[in-house]
Structure formats: C-alpha cells, structure tokens
Amino acid sequence: MALKPLFLLIALLLSGAAFAQSPEAPISSTAERLYATARPRLLQIRTLVSAAGRQSSLGSGFLVSADGLAVTNYHVVSHAALEPKTYRLEYAAADGARGALTLLAIDLANDLAVVRLDRSDVPFFAFDPRAAGGELAKGERLYSMGNPLDLGFTIVEGTYNGLVERSYNERIHFTGALNPGMSGGPAVSAEGAIIGVNVAKQFGGDLVSFLVPGRFAATLVRRAQEHPAPAGMDWHAEIGAQLAHWQAGLYEATSGRGFRPVALGPYETVESAAPWFNCWAHTNAGQVPKPRASADITTCNSETRVFVADDLVTGNIRLVNAYFRALELNQFQFAAFVSQQSQPPWPGSGDKKWRTPQRCHEDFLATAADGKHPALRAVWCARAYREFAGLYDVTVTALTQDSGREALVSRLSLQGTSYDNAVSIAKHFLEAVQWTK
Amino acid sequence: MDEVIWIEVLGRHREVAARHRVGASEVRIGRGYDNDVVIDDPYVAAQHLVIRRDEAGALAAYDIGSANGTFVEPGGRRVETVVLDGDSVLRIGHTQLRVRDPRYSVARERASERPRPVWPSAVALAVAIIAIELVSLWLKETDEAKFSRYLQPPVILAGVVLSWTAVWAILSRIFAGQARFERNVRIALVGMLAYSLYNEAAEYLGFALTWRALAAYEYVAFWCLLAAICFFHLREIGPTHLRLKGGAVAALLVVGVGMQTLSQSELRTDVGQMNVSRRVLPPMLRLAPVSEEGRFFADVERLRDKLDHDRAETPTGASAGDTGD
Chain A
1 MALKPLFLLI ALLLSGAAFA QSPEAPISST AERLYATARP RLLQIRTLVS
51 AAGRQSSLGS GFLVSADGLA VTNYHVVSHA ALEPKTYRLE YAAADGARGA
101 LTLLAIDLAN DLAVVRLDRS DVPFFAFDPR AAGGELAKGE RLYSMGNPLD
151 LGFTIVEGTY NGLVERSYNE RIHFTGALNP GMSGGPAVSA EGAIIGVNVA
201 KQFGGDLVSF LVPGRFAATL VRRAQEHPAP AGMDWHAEIG AQLAHWQAGL
251 YEATSGRGFR PVALGPYETV ESAAPWFNCW AHTNAGQVPK PRASADITTC
301 NSETRVFVAD DLVTGNIRLV NAYFRALELN QFQFAAFVSQ QSQPPWPGSG
351 DKKWRTPQRC HEDFLATAAD GKHPALRAVW CARAYREFAG LYDVTVTALT
401 QDSGREALVS RLSLQGTSYD NAVSIAKHFL EAVQWTK
Chain B
1 MDEVIWIEVL GRHREVAARH RVGASEVRIG RGYDNDVVID DPYVAAQHLV
51 IRRDEAGALA AYDIGSANGT FVEPGGRRVE TVVLDGDSVL RIGHTQLRVR
101 DPRYSVARER ASERPRPVWP SAVALAVAII AIELVSLWLK ETDEAKFSRY
151 LQPPVILAGV VLSWTAVWAI LSRIFAGQAR FERNVRIALV GMLAYSLYNE
201 AAEYLGFALT WRALAAYEYV AFWCLLAAIC FFHLREIGPT HLRLKGGAVA
251 ALLVVGVGMQ TLSQSELRTD VGQMNVSRRV LPPMLRLAPV SEEGRFFADV
301 ERLRDKLDHD RAETPTGASA GDTGD
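Order-wise, the sequence lines are chains A and B.
If you read the first sequence in my numbering, its first letter stands for residue 1, the second for the next number, and so on.
If you read the second sequence in my numbering, its first letter stands for residue 1, the second for the next number, and so on.
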C-alpha cells in the first residue's frame, strides 16, 4: 500500500486532543539560555467563541516588533478571520498577561498571519538574514517553541534539514517533535533569530516536521505595517483573491514544467513533469481470488494543499491514469467493470457550505481524426466555490472507446482552479491520449 | 286470464336478492303481513305501494300514502304514481325493487365456450422476465459468479407478483365475486415485462445514442406502467365505471410522478446534477457519431454559466457577515 502523505496540521481543537506524552528530550544549555530570552516574546493564541467566552482552538505565536505585532499561522486564526461574529482572538503571554488580538494580514499560501496586540513596548524576535538566502547548513541546530497541548510553553531542540524536496510551497524540513498547539510558534537559530514558523508535522512519520521559511513571515510583517487591514475587513474577499492568485501561479508553473509521455498498454498519455507531483503505482495483479480484469493504476498528486478552513483544504491537483484489460470478462462484463472505475465522483450532500452542487457534462468525442487518437467518453464535473468567485473544483474523466477488451481511464481532479486553467489543462490531457502503435 | 307480475328485490349492486311471483292483476307491497310482497325494511310503510295496470294497460306503481315516499332510479325523483318499464328501479325506504311481467324480453343466451387457459401465457411472461433479469445480471458480473445472486431475481419476482396479485384477487373476489387469479397474475407480469424491457432499452439506447433522458425519466415510465396495470386490474374486477376507474388511475399517476419529480429536483439542489450515463457498454454498441472536441468544450463553457448562476442564486454561507467596501 502506498504511503499516504497526509499532513496533520497542528492547530489544536481541545476536544480532539490526544494527550500522548512523549519522553522529554535532553535540554542543552543553549536551549536553556534561548528559552530564558524568548519567554517574554512567546504567545499562546486562543480562538474564543464570543458568546461563550471559551476557547475553541489554540495555537502559538511570537512577537516581531516593539509596537506589538506578532506572527502566527493562518490556520490558528482561521475561525476568527472567516467568522468574526462568532469567534474572537485572544493572546496569553508566558507571564500570564492576556488581551485582545486584531488580525492585520494573512498569507494563505504560506499559512501565515500577522496580528496586533493591545500593548506596545514589548520585546521581540529578529529574523535571521541567513534564512532568506538559504545559507543554513543541513544539520544546524534549530530550537522550536510553542505551547503544545496547552501544557505550557516548551522549547524543542531539532535540526534543520533543508527545504522539503519536490514541494511547490516552500517548507523547511525540521527534524524535531512538533505537537498540536505549537502551530505558529517560532523556530530559531542558536543565536535566537527566526528561521521559520512551526506549521505541520507528517502524519505517520517520526519527528518529521515542517516550518514556513522566515522570509515569508518577514514579508508579511512588512505588508502588515505598510497596509494593515482596516477594521471590519472582509477576509473572505482577501482569501478569494489570494487563492486565485496562488492557483494562477501554480498552473503557470505546472505548464511551464511541461508534461512527459507515459505508456500504458497500447495507449500513451501524459503526466506532469513538475517535481512537486508525487506519483504512486498500484496494480491488482496479486489479488486473490485472481482478478478477472487487470488494473494498472498510476496516481500523481501535486501535494499542493492550501488550508482555508477546518473543512476546506484546497489546491491539490491529482491525475490518475489507469489501464484495464479483460482477462476473464466478456465485453459487457468488462464494460461494467470499467464503468465502476470511470464514474465521476459523487459528492455527498455534506459539503454545501463551501461549494455549489456538482454539475456534470458527458459526451463521446474524438480529439483528432488522424487514426492515432482513440474516441473518448469524457465526463466533466464541476462545482463552484460559493464565496470565492472564479474558483471551481473540476474533475475530468476520459475513457477510451476503441476496444471492448482494454481501456485507458484518465482522471484529472483539480481543486480550487479557475475555469480557464481547468479547460486548458483538460484539453491538453484529452488530446494527449493516443495509441503507441 | 291469469295475470302474473314479478317483483324483484335488488341488492346493493342491483343484483337480484329475492324474486316474488304474484299471480294477480294487483300487487300490494309493504311491511305489513296483509301485503302480497312483504318487505322487512323499517323505513318502508306497512302499506306502501300498489302495482297494477293503468288505463293504457301499462304496469304502474302507486304510492298509497307512505311517509318516506317512493323514488324512481335513475334520478331519485320522488313520485306518487309512476309507469314502469321492466328496467326502472323503485326505491322504497332502503329497498330497491324492480317490476317485470312475462312479456319482458331477456337477452339472447350467451354462447358457451371453453375459456382459453391463462396460465401458459403467464408462465411464458414470467420466464421472459426472469431470463432478461438473469442475463442482465450476468452481463454486469465483474467478480466470480455467485449462485445465490442469480437465485434472487426469480424469488423476488415471485414474491412481488404473488403478493401484488393476491391483493387484486381479494378485491376482485369481494366486488365481482370471482378472484380471477390467473388473469390478474398475467396483468402484473405484462407490466413487469414492459418495465424490464424499458430499463434495458433505456440503458442500451442511452449508451448507443447518448439519450440519457430515457434513464433520467425512468420513474415516469414506472408510474405510467403502474397506473396502466392498476387500470387493467380494475377493469378485470368489472367492466363498468371505466371512466371513473381511469380517472382514479390518472390521479395516482399524477400524484406519483409529481412526488418523485419534486424529490428528484430537491436532490438536484442538494447534491447536484449528474446527467451522466449510469453504465457504459462495449464500444461496438455505439451508434451515434462522436462529437468534435470543440463542441465538448463549448458545452463545458455553458456549464460554467450554470455554476456561476448556482453560486449567485444560493445565499452565501452563514459566516459571510461583513461585507467589504
């Protein structure tokens, strides 16, 4: 079975917290010294249900300017950004001080937010200039801080392991234990300067954690200082605009990297040559009882996910190329088998909050009459994002219609894409399906 | 000469419940025992009616002073005196009467013929339905064939048809006096075969010609067939009131189709419109020519307008409180 590269975001809903105690790492004297200076600069960021005045989720943050600006993760403040009437933000400092927070700026793609405290003249962290230039060496000690599981502020020692390879959104690979509640906390060098911001850990891995590079945070802080959000800002519009901008960049970069041909049986199709696509193969050859039709399936995932809300993570591109061949099935049975594999996704009625109901269009088409391209049954299904104009989820499924005994099923699933980008990439994929003969 | 008058007491459905032969030129009818025909109906007067010939020689009924009166069907007119032909029905109290004399001419005898047995055709229909179901099941088989799966369609068919027919047979026994089980079975089977054929045709033509409407409106076909079956069952009970029965069946059809159309449209607003064929078939069965790629993408563009319309139409999430600028 393929390794499922799922990210576990660290924002912690207390109701769902699992209090798994891990053995404490030995704390070096550097850590001791760092924590002593960092302590007044650390914050716990709480999201409160306004009506009840109780916390609904917790994260961490850190001060970056004397006038009270702090950086945290967007996913730590997402409730307050999306539903300002229901939720409000509060900070708790290490000395027990509490107060209100105002959201000033967000960077959706890098999961960052800048907030303002209701006080000034505070100590703060500086950004490490080396982090911006990528001058850090693999193996350098990093110290991550935050408030895991609401147990109190902690400092965790770990190592810098460069940028995550083949990731579209730049992330630092940090080998150290990040736990829920530490989201938005700082990761600093031995000198105490910001290298990155805690953001996620790999589900199913040990000590595999991720940081947002500090330069994105520095940029966002500058933006917040120059153009702070007005009071009563509509973050929905801002999120929609950032999503649209981000997906435009992703599709441009993906097309720029081009596509490479893949042969599957007598067919040829393409997959993206962009390095951020992660491809896995799957076959039913070993299945018992012996399968009556063979299935060879390649799944490529862009792993480009953007957190918008607890129930909306978007931005992924997925391409499945599957070659099926009848072994012991007649043509009708094989067609039934292929139908099961090529039906469009049937969304449940649960996701009405973010997306419109799905609409589909089906047709039988020929991309070129040159004898090289088989006829296709193509199904296009799309849903619009209710609050983000111009963004859609699109799934295109193509099934070759040239033989009753073998078939290629290609499915392209695009999340949070503009319609034009979806059409242009789908066109490319439909036209790429051909015979190798 | 001896005059003979027949007095027939009718039941609720105008069947003859009792027949009295009176060998006199005048017949007295009432509840009292001084009458020629005694009627045990508390709403009938002790001396209610007299039947005798009028000046013209026709039989006539004379109400002799009852409180509740005498009525003539059809129409239910209250009368004091009425001239009778052999078919007019008198109502006194809650009792219906018919008066005939020996000159009343009856219809010709019905030719006696041995009815053709119904069961061979019913068996043939059942075999056809089961064959279609089993073949269709086998053609969809993608795993190893399990015998139990192929046993299901005949058992389900038998259960459904027998219980459905039993209901109609009982109704028929109550209202027509005969169960007519075999004929009712045949009606149910014809309906099922038609539905089964429709479904297969919808699937094959839907794929061959991209006629998805056939499958989308399958439920309309279902209700039409159900209504037709009900109509024929009702006709089997009795060939009268066909217009009323047709009306009742049409009402059933309208209610059924209306209800399902409503629930389908609600489902569409809930989870969206698939508009996609449920099953693909071997490519060799395609009849319609393939579309141009450009046309496909033009249709896809039109879909965008619909989606944008959906987005505009539905209220934004409860969270969208503040409006920007």
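No lab work stands behind these hints: they were computed from the structure.
Watch out, some of these pointers could steer you wrong.
What the hints assert, rightly or not - Listed below are the simulated EDC-like cross-link pairs for lysine to aspartate or glutamate, each with C-alpha atoms no more than 20 Å apart in a straight line:
hint : chain 1 : residue 1 : chain 2 : residue 2
1    : A       : K290      : B       : E200
2    : B       : K140      : A       : E328
3    : B       : K140      : A       : E406
4    : B       : K140      : B       : E55
These are the hints, each one checked on the structure:
no.	hint	result
1	A:K290 <-> B:E200	violated (30 Å)
2	B:K140 <-> A:E328	holds (13 Å)
3	B:K140 <-> A:E406	holds (16 Å)
4	B:K140 <-> B:E55	violated (84 Å)
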